[in-house]
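Undergrad: Sequence:
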Amino acid sequence: MKANPKPWLYGPNWQGQRCEARTRSGTPCQRPARLPVGRCKLHGGASTGPRTKDGLARLTEARTKHGKFTKEKRAEARRFAEEGRQMRGELKELEAWFVDHGHLSKDWRKDWEL
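Per our numbering, numbering through the sequence shown is continuous, rising by one, with the last residue being 114.
I should point out that these hints are in silico values taken from the structure, not numbers from a laboratory. Any given hint could turn out to be false.
Straight-line Cα separation of at most 30 Å, DSSO-like style, residue types lysine-lysine; simulated pairs [unchecked claim]: (1) 73 to 92; (2) 53 to 41; (3) 92 to 106.
Bear in mind the structure is a predicted one, so any value in this text is a computation, not a measurement.
Make a model of the complete structure from these sequences and hints.
TA: In structure tokens, the structure reads:
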């Protein structure tokens, strides 16, 4: 947890309203209450989002799409993956052929290790 850059700001003599929540250790939270419910921003609870039909409609209209997972991008990724699998299969066949015909030894990879 970060140290308070201004320890004098909310010290023990601060006259403002404190958060009314209890910490996990059972002591009262010492942060200043900033929300109308008398809680700090950590204990105030998260928003549940829009509830009205108008609010939900605004949310739906405001959604943006980045295009990272479109059908076209996923199909392209599948195509690239298939090409990679084919290349690796061809390389494996070539390696087997070279080993069978005596151009490579079976343990040829150890010569290439760094």
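Undergrad: All hints are to be evaluated individually against the structure, with a verdict given for each.
TA: Comparing the hints with the structure gives:
| no. | hint | in the structure |
| --- | --- | --- |
| 1 | 73 to 92 | holds (29 Å) |
| 2 | 53 to 41 | holds (27 Å) |
| 3 | 92 to 106 | holds (13 Å) |
Going through the hint list in order, the structure satisfies each hint without exception.
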